[in-house]
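Knowing the structure of chain Z, use the given hints to seat chains Y and D on it.
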Amino acid sequence: MPILEVRDLVTHYLTMQGPVEAVSGISFIVDEGQTLGLAGESGCGKTTAALSIMGLLPSNGRIISGEIVLDGVDLVKLDDRELKQIRWKKASIVFQGAMNALNPVINVGEQIAEVILEKEGGTKDDAWERVRGLFELVELDPGRVKEFPHEFSGGMRQRVMIAMALACNPKLVIADEPITALDVIVQNQIMELMKSLQRRMNLSQILITHDLSVIAETCDKVGIMYAGKLMEYADVGPIFKHPLHPYTSLLIGAYPSIVGEKRPLNFIPGAPPNLIDPPKGCRFHPRCPYAKQICGSEEPGYIEEEPGHHVACHFVEELRDTISLGDG
Amino acid sequence: MTLGPRATDSQLRERFSTSARRLKGFWALYRMSRIGLLGLFLISAFIIMALAAPWIAPYDPRALVGFPFQPPSGEHLLGTDQIGRDIFSMLIWGSRISLLVGLLASATGVVIGTTVGLISGYFRGLPDSILMRITDLLITLPNLPLMLILGALIGRSMWNIILVIGVTGWTSTAKMVRSQTLSIKERPYVEAARSIGAKDSQILIRHIMPNVLPLVFANAIVGIVDAILAESGLSFLGLGDPTKPSWGLLLRYSNEAGALATGRWWFIIPPGICIMLVAIGFAFSSYSLDQILNPRLRKRR
Amino acid sequence: MGFKEYVGKRTLQGVLTIALAVTLNFVLFRIMPGDPTRAVSGDPRVDTATRLALIAKFGLDRPLLEQFALYVYNLFRGELGISFVQIGRPVIDIILGRKMVNTLILMGSSMFIAFSLGIGIGVYAAWKRGTKTDVSFIVISLATYSMPVFWFGMILLLILSYYYNLVPIAGTVTPGLVHPNFFEYAKDYLHHLIAPMITLSVSFFGGYFLFMRDTILDVFTEDYMLTARAKGLSNRKIMFKHAMKNALLPMVSLMGVHVTFLISGATMTETVFSWDGLGRLIYDSVRNNDYPVLQGIFLIMAVFVVVASILADITNAYLDPRIREAVE
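Protein chains in written order, with our numbering: chain Z, 1 to 328; chain Y, 1001 to 1301; chain D, 2001 to 2328.
Each hint should be verified, as a subset may be incorrect.
To be verified - Straight-line distance between alpha carbons at most 25 angstroms, and here's what the computed DSS-like set of lysine-lysine pairs gives:
{"hint": "1", "chain 1": "Y", "residue 1": "K1175", "chain 2": "Y", "residue 2": "K1185"}
{"hint": "2", "chain 1": "Z", "residue 1": "K90", "chain 2": "D", "residue 2": "K2241"}
{"hint": "3", "chain 1": "Z", "residue 1": "K89", "chain 2": "D", "residue 2": "K2237"}
Keep in mind the hints are simulated off the structure, nothing from the lab.
Computed from a predicted model, the values in this text were never measured in an experiment.
Just chain Z, same shape as in the assembly (with noise of 0.2 angstroms):
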């Protein structure tokens, strides 16, 4: 059952130099109680996706077309004020670097009972129970329910956010690069702490990332963004099994992997494009090694090339040997 259906999802920003096409018509489903990862290079406009659908773009960026289905409701066509109701009670959003995601000057159990009061009314001693007993959930002593954002390391400042976009029960929780900025060790803490509470929860998830391994250990399918578009979409274990698109495939064989012979670090020549004048055909086609004539002139159709595994590329058929990657 999909909690979040998002279909030929296109957004812009404004800017004096023209619109810059950030996501570039893009679809993909949540199931309930599932974990999407959105992958991607910095600039592909994951982030920007997650903005829409929370309805937080900036003043200077419009959703131009496209639908964004919550739980049954279509996101796009609601005015502010009804996005307003919607937010954190049926989606939340975990944003990255909580070194700046909290006020400074508020205590950070005043923000999270704020947002209860706000939303599910009720009395001030009810929040602050739920504050104290979320601070549990997230594995944080509830005796520091108090205190100010300064007060807690990185790693405790992720686990108030995480605990802040729990606080209303929603049905859905976008994770803007979550870890991205913490040390490594902390990083896997968090990282156990947000699968534990999925499963104990059944929540939804969206992670985003360009960490692949991450994703890897963390979700059930996996979105490949680039240049504003879905390369691949698939379960995880088909993406990182057999990948059928270039990008993708190039991308996992940037990591270096423990296990199973030592072969050379692949990395992709190039830079991703400017979405102000993005390339003709497929946006990948510039770096691509694969590249042909047709890839510069033609866009290639987002295809469902196997049940639940669609890609967007000229040769599928052509590459999938070349550029699968066995058991590694």
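Leaving out everything else, chains Y and D in the frame of chain Z:
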């Protein structure tokens, strides 16, 4: 890139075209601000008034050309003052004083402030501590009373006023230049320059000053607003140069002659409007300049 | 550093600044052209007996350094000299009394109005950035900033007093009128207070408005504002709780610095309105060359400003939990 005597044509073209391009880009941005354009217009209008005074003023501002306290008429557009001078002419000639004092006093303050800021920020240590103590002290002391006292001490000439305003008004420039210098000093290219043996003066002139000057310029414009207001205030209070018909002085005369009590609005309103319009001109311009040049504001776009 | 240390450090700085001010005060009035002792006792208006007494008290026939020591010693005893104009009256009497109260009332009320309006409208304008309302207020603020304070006072008087006879033309209370009780006195006083208060408030409104608007716009760029929006909080909560709390911190510090400008403005206003306060006293003393009074006022003002700015900074530190509850 330095252009030696043997710089080729294309090098010259490239060098100047970048500055020209930057200037054009800057002007394109500035043009978009209606506030800024209005400010520029006002400034130009008054500069023209000041320069063309001998030709547009109907009478000699110091001559007694009519009966005292005449209301506006065909002969005297704004009437006459308490001893019979033409107010309109005094108004026109007054623009020279306000602009001159405003520009020079602000320039003085900016020069002092920039020097203090550069020394303080670049050399740190003892000079920094001393200069910052002095700066803080000056910030603490109220401007107007200080200027009144200094003015009383050194006498009432226009040049003294310029000096007094300049000497009391350099603190904001100094602080800004100091903080800019501090941040530029830490940048990699300055470190690089130092490691290849560049002298302090070279670093200051070639690396730090070009980055500091745009903000100093913006600061100078604000300084002009304050200087014009300060001059008119001092003249009003009686510390102005009695030989120069500044607008503040006009208002002083009107006050002393009881224009308020007798409703002689033509004596009261016009000089103030002039002060206000000139000041607004510079204030608007500085606001637009700040919007463009201030690096902090770029984040908001 | 912790809060207590900050208070201590700041107070020490203040004491140092006052010490510097005292020294400057001493030096300033000793470099009068002509007889250096003129500033204290050498004025021909002072009679011989008083002059001899002053020479003794301030050691005017001794070397400069001794004079300085004596000066400081006398300061601690509250001995600021004798006025030239009000023959025989100690300076400290003149300053600390009715005049100081009048000035404080004028300054206090004006600052309160300008500050409240400035931050309220500043927040609103920042929220409605770019709209006609916002631009109008920017223009109004720049315009009132550029307006000579004394001229605005004159215009106000012209309109309100001359044309409409709404407010009295000058003074603190109606001269010569004996008031039957305190209430009548207060009415008369307030009646006289209106015009100068409006003048001073209007001239300061602009600065507060622009600064608050600026600060709030800066706050808007912070990550925690996006979090507040994401939580679906009401606009009022976002503005007044999350944004303003952060923006008020620099405002409070600004007020400390602003006291100096307030004094300058008050000087001008009091002169125009013949308001019987310290500003007027400065003006009269400059006109009459009443140096002892000038010197005394100067000192009091410096102390006042330093104390005000220390209080502002300490309040700022107290309100900012990052300093108040600093992590050691």
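Just to be careful, I want the Cα atoms of K90/Z and K2241/D compared with a cutoff of 25 angstroms; is the pair within it? Given that 25 angstroms is the threshold and the Cα spacing comes to 24 angstroms, the pair holds.
Do the alpha carbons of K1175/Y and K1185/Y lie within 25 angstroms of each other, as the hint requires? 15 angstroms, holds
Mind checking the alpha carbons of K89/Z and K2237/D for me, to see if they're no more than 25 angstroms apart? 17 angstroms, holds
The structure shown violates none of the earlier numbered hints.
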